[in-house]
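Chain by chain, the residues run as shown.
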Amino acid sequence: MASNSAGIRVTQIGVSDPFAADYQYVFNSDWPSLAIAYETVVQVPYTDGASVSATVTHGLGFYPLTMGWTILNGVSIGRTFATSGNLSSAQNDVTFSFDNDKIYFINSGLYNKVTYTISIKCYNVDISQNIDYTLPKFPTVSTPYDPTTGIKVSKYQKSIASKDLNDFILHSRAQSPAVLSIVTDVSVTPSGTRFIGYNNPANYTPWVLAFVGGPGQGTTYSPLAPGSQQSGYLFGILSATQAKSLGFAQARIQASFPTTKNFGSLVVLRDPLVLPNVLRVVY
Amino acid sequence: MRNDLGPISVSAPNTSLTTVEGQHLTFNTKYPFAKLDSTNKNSFQIITIFFNTEPPNPTGGPGTTTTKKTLVYQYKHGYTYEPSSWFLISTDNFVTVLGSEGTWLIGNASGASPAIAKFEVEVDSTYVNFYIDKQWTNTGSNSPPNIIGFSVNVRAYIFVEGLDGTSVPSHV
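Order-wise, the sequence lines are chains A and B. Taking numbering that gives the first Met the number 0 as reference, the numbering of the first sequence is continuous, increasing by one, and the terminal residue is 282. Taking numbering that gives the first Met the number 0 as reference, the numbering of the second sequence is continuous, increasing by one, and the terminal residue is 171.
Hints listed in this document are in silico derivations from the structure and should not be mistaken for laboratory results. Take every hint as true, because none was put in to throw you off.
According to the in silico footprint, chain B covers these stretches of chain A (three or more CB under 8 Å from chain B):
# : region
1 : 31-41
2 : 73-83
3 : 115-124
4 : 162-173
5 : 237-245
From chain B, some residues computed to sit far from chain A (all C-beta separations above 12 Å):
#  : residue
6  : T17
7  : P57
8  : T65
9  : N137
10 : T138
11 : S140
From a predicted model like this one, the values you see are computed outputs, not experimental measurements. The C-beta atom is built at its ideal place from N, Cα and C for all residues, glycine as well.
Work out the full structure: start from the sequences and follow the hints.
Structural data, given as structure tokens:
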């Protein structure tokens, strides 16, 4: 349930603000949803042995949550991460890192010595700062979109009557992942292993993004893919039950070698306040 | 007036819009939100693919390494351009997250395994495509990578915003 603090809250018809469950809010400014502060598309050529193949300036002045998508022959082949043995081969060709001003790309050409197109989005979240928000409850019933109530803000010179969601800054027909927590604290196990961990009080498995580096170690962050050792780090996501069984945090970045304090960040996201479409396929 | 705020902005409790920074600025209409269309069922899905039959195997002879990539499922994402997308992959209903797009189902992540099966996700301007990409080094005595009986769970976000870099208004 929402707090009584000031803000913008829009509930479904028939539900009053002080009594609305979290999923009954069409919009609630208490939860910082991901907004795109900067984006670009960059060509990253194979540059044999170069330390940087391409650089772009985001100029935001903070360490933004940054995502990249690798595009080959006009098809997105997945998000761009630090090199990992657990990614498809071509995904390992281009890696990137970023600081509070620029994004740096390397095309190693391990698999294809070609120029890749990388699409970049920097979200308006500073991943170098710890923060924790109240935890919205996810929905238990599916609620259809109601076009008669809500909030929408169109982009400059776009019509408020447009049906294209691309024409809007904000539209309550759409949901955005919101930030639950950013964790940069480092814990040390008795064996000396350092890790950054998060446990979800609501017990469901949240969507978590991981970055290593940053001001605590060098100056740039790099994104990690979940599930494998990569560049000296392990990024794991487990169910609450499995985490308790194994004695791990539900989400963790683990460094198996001595490293400095604040060696990375976990960004924990809230699911949309709508139920997913569940589909079973037999091949 | 700050130039990094849109027409409507909200700061976190006990902070001031005149000085607030970062995530304490909880709402700011200067920047477009990343949007999942609640009326598009494909925008947020959990898809389970059960392999009741074996996708085709590489067929190289002894002493060779060959590959075979097979489209095992595709669906229309509902847009006419390449949307931004996120995927998480599991084989145990997310008790453990195995990886993101490009996950290995069989094989050692070091790349040294003779039998490898990867679950790859590609998104074009119409479809989300799931592939099984196999690699087999035929030693003469080993089997190709078989995934029959596997269930692969995919958690998928398909955003309204495309990958062409045009979501943020040009006047920002």
